[in-house]
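Colleague: The hints should help you fit chain B onto chain A, whose structure is shown.
Sequence order for the protein chains is A and B. For what it's worth, our numbering labels the leading residue of the first sequence as 135, then goes sequentially. For what it's worth, our numbering labels the leading residue of the second sequence as 135, then goes sequentially.
Keep in mind the hints are simulated off the structure, nothing from the lab.
Label pairs and their in silico Cβ distance ranges:
1) A:Phe430 / B:Ala208: 28 to 36 Å
2) A:Gly189 / B:Ala454: 53 to 61 Å
3) A:Gly420 / B:Asp306: 44 to 52 Å
4) A:Gly189 / B:Gly417: 25 to 33 Å
5) B:Thr428 / A:Gly344: 18 to 26 Å
6) B:Phe430 / A:Thr204: 35 to 43 Å
7) B:Phe430 / A:Gly420: 36 to 44 Å
8) A:Glu206 / B:Phe430: 27 to 35 Å
So the derived list for chain B, only partly shown, Cβ under 7 Å to chain A, looks like this:
9) Ile215
10) Gly288
11) Arg290
12) Leu292
13) Phe300
14) Phe314
15) Leu375
16) Ile379
17) Ile381
18) Ala415
19) Pro422
20) Arg425
21) Ala432
In this text the structure is predicted, and so the values were computed from the model without any measurement. Virtual Cβ for every residue (Gly too), placed ideally from N, Cα, C.
These are the residues of each chain, in order.
2 protein chains.
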Amino acid sequence: MTDATILTIDALKERVEAIFRRAGLNAVQAGALAGVITAGERDACKSHGIFRIEGALRTVKAGKVRPDATPELAPPDGSAIVRVDAHGGFANPAFALGLPVLAERAHALGLAALVVNDCTHFSALWPEVEAVTAEGLAAIVMCPSYATVAPAGGTRPLLGTNPFAFGWPRRDSDPYVFDFATSVAARGEIELHRRAGKPLPEGWAIDSEGRPTTEPEAALAGAMLPFGGHKGSAIGTMIELLAGIMIGDLTSPEVLDRLGSTLLAPMHGELILAFSPEAFAKGRPGDPIARAETLFEAILGQGARLPSQRRFAARANARAQGIAMSSQEIAQLDRLLAEGLDAVAWD
Amino acid sequence: MTDATILTIDALKERVEAIFRRAGLNAVQAGALAGVITAGERDACKSHGIFRIEGALRTVKAGKVRPDATPELAPPDGSAIVRVDAHGGFANPAFALGLPVLAERAHALGLAALVVNDCTHFSALWPEVEAVTAEGLAAIVMCPSYATVAPAGGTRPLLGTNPFAFGWPRRDSDPYVFDFATSVAARGEIELHRRAGKPLPEGWAIDSEGRPTTEPEAALAGAMLPFGGHKGSAIGTMIELLAGIMIGDLTSPEVLDRLGSTLLAPMHGELILAFSPEAFAKGRPGDPIARAETLFEAILGQGARLPSQRRFAARANARAQGIAMSSQEIAQLDRLLAEGLDAVAWD
Chain A
135 MTDATILTID ALKERVEAIF RRAGLNAVQA GALAGVITAG ERDACKSHGI
185 FRIEGALRTV KAGKVRPDAT PELAPPDGSA IVRVDAHGGF ANPAFALGLP
235 VLAERAHALG LAALVVNDCT HFSALWPEVE AVTAEGLAAI VMCPSYATVA
285 PAGGTRPLLG TNPFAFGWPR RDSDPYVFDF ATSVAARGEI ELHRRAGKPL
335 PEGWAIDSEG RPTTEPEAAL AGAMLPFGGH KGSAIGTMIE LLAGIMIGDL
385 TSPEVLDRLG STLLAPMHGE LILAFSPEAF AKGRPGDPIA RAETLFEAIL
435 GQGARLPSQR RFAARANARA QGIAMSSQEI AQLDRLLAEG LDAVAWD
Chain B
135 MTDATILTID ALKERVEAIF RRAGLNAVQA GALAGVITAG ERDACKSHGI
185 FRIEGALRTV KAGKVRPDAT PELAPPDGSA IVRVDAHGGF ANPAFALGLP
235 VLAERAHALG LAALVVNDCT HFSALWPEVE AVTAEGLAAI VMCPSYATVA
285 PAGGTRPLLG TNPFAFGWPR RDSDPYVFDF ATSVAARGEI ELHRRAGKPL
335 PEGWAIDSEG RPTTEPEAAL AGAMLPFGGH KGSAIGTMIE LLAGIMIGDL
385 TSPEVLDRLG STLLAPMHGE LILAFSPEAF AKGRPGDPIA RAETLFEAIL
435 GQGARLPSQR RFAARANARA QGIAMSSQEI AQLDRLLAEG LDAVAWD
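Isolated chain A, as found in the complex:
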């Protein structure tokens, strides 16, 4: 990038936060959103970086997320469930509010759950997973999305791309983290094929009649397919049940009904499970954190990668050398700061 501007991670975060403040988000919403967007850029995960700012602003402009919401932690009830009501705001500050209590409960009881209700989920799940692993806990995180995926054997959109994410804490390394859609591909990948005029790989999608298609337009009018056939479909359904219905929040078809569009960030709930390896392994032979390293070494030793390896390498690089932003990206940030909600269309 010959025209690159190098920003520190903190400097980028300040710029993104200023954009959200200018667009009317309160401090807690703007700070949390700027944090995850900056984390995406830091990790060279461009699809979760500043590219997402306009989607967030569009959702605010459409009136589908409350920019001034203050998340609220439910009073402790002695159970293993920690609840945060996002009050219609973004999930990210609600998660941040619940995290310390989740960690305390998981260390005390061995496992605990954080339920975030009435939130607009924004961006990936790995920021949540990593925050839990930083507390010395393993994590499973999931949430519904909007109905764009047909169940295996079905013909119409019903499930969401329902991400499933997991993390395991490591002592001297970045955590073991994965975070993936339970559809074969993300909806954005189909959109990218459409723009490029390229056919889709086989097995990604069906058309509106339920027939396999490699046409991006037909796929967008039809449905995406779950990863791994009936197995991925079952996991996607489990996510609707646990992270939608069980926590008393919306399922993917209900989200789509409520929003009327897949161009806005989805509103629903999120389920975060935290496990204390120390508590689970108590009284048993071996240190679980050390034993896990043996497994990771065996995976790496046969030439396979650990998930998120590339992200962590980019992160180390960004910490040492800053983040390179193109002049086009800098101009985009300047424009968003200058125009606020006028920068995006919604009607």
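Modeller: Chain B in isolation, oriented as in the chain A frame:
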């Protein structure tokens, strides 16, 4: 089946239990094993039926499971973790011992975990899942296996076929249940292709050099592949971490080292998570059990099936009409009863 003998479910269970008692299993081990084997026949799930008796006896004869073990429940410690030490016996009676305490804890805390240690896992995970759903709880159950699956991008066996199972309670129907291997295929399916002299479908396995193969012999000498590429591989790894390492029990490579064979039932631990939908949904709009029915209707309404549907249909049939066993199967049961451990070879 023209030569079929019709047995009631209870009559078959008595016969199987007698075989295990004759082979030296104590009452608690024999009863639990007979229960799951009879459940397999009842559900027309032949691969988990009486076919499995010899494998259990072979594992006893090899000295890799204690036929006289009495599982022991750890004293309650107020946490969300319930622990049962199987003391080297089968997992099934240990699970049965822990289940009521797991249910009590999950109803009290919202979620809880049952850890079974030092057990030989036997047969499928759906019996455990169904037993948890019968308590009005949702369940996730997982355990390692032996190292027969290469991680995505790898070349050698490391992960197990690591089953992942889930259940959701329903009021007026059999529960929603899935239970699948995180490999593309079960090892037994490759063995069946070998015996039939048929090539494997593409994508099931790699040879001992890490190259894709459709030769069953080469696959058995090489490694199976995870379902869904890197996503299934990640879930298989999660199961090693949570249901092996975290609970202080063996990973799949350690199991294979310990047993030296994939012909014996695997010894390790098992992790059962139980969730109370009632507790999670408390204070939120809607009844989760009723809302789930809307989701199931939408799946069925587009011609897709719910997992386990065929099993439940066979079960209803067996309850009404008994279980048809061929004369060959009856002869096999008679022989096993007469010969006890002499019926199987192990050295």
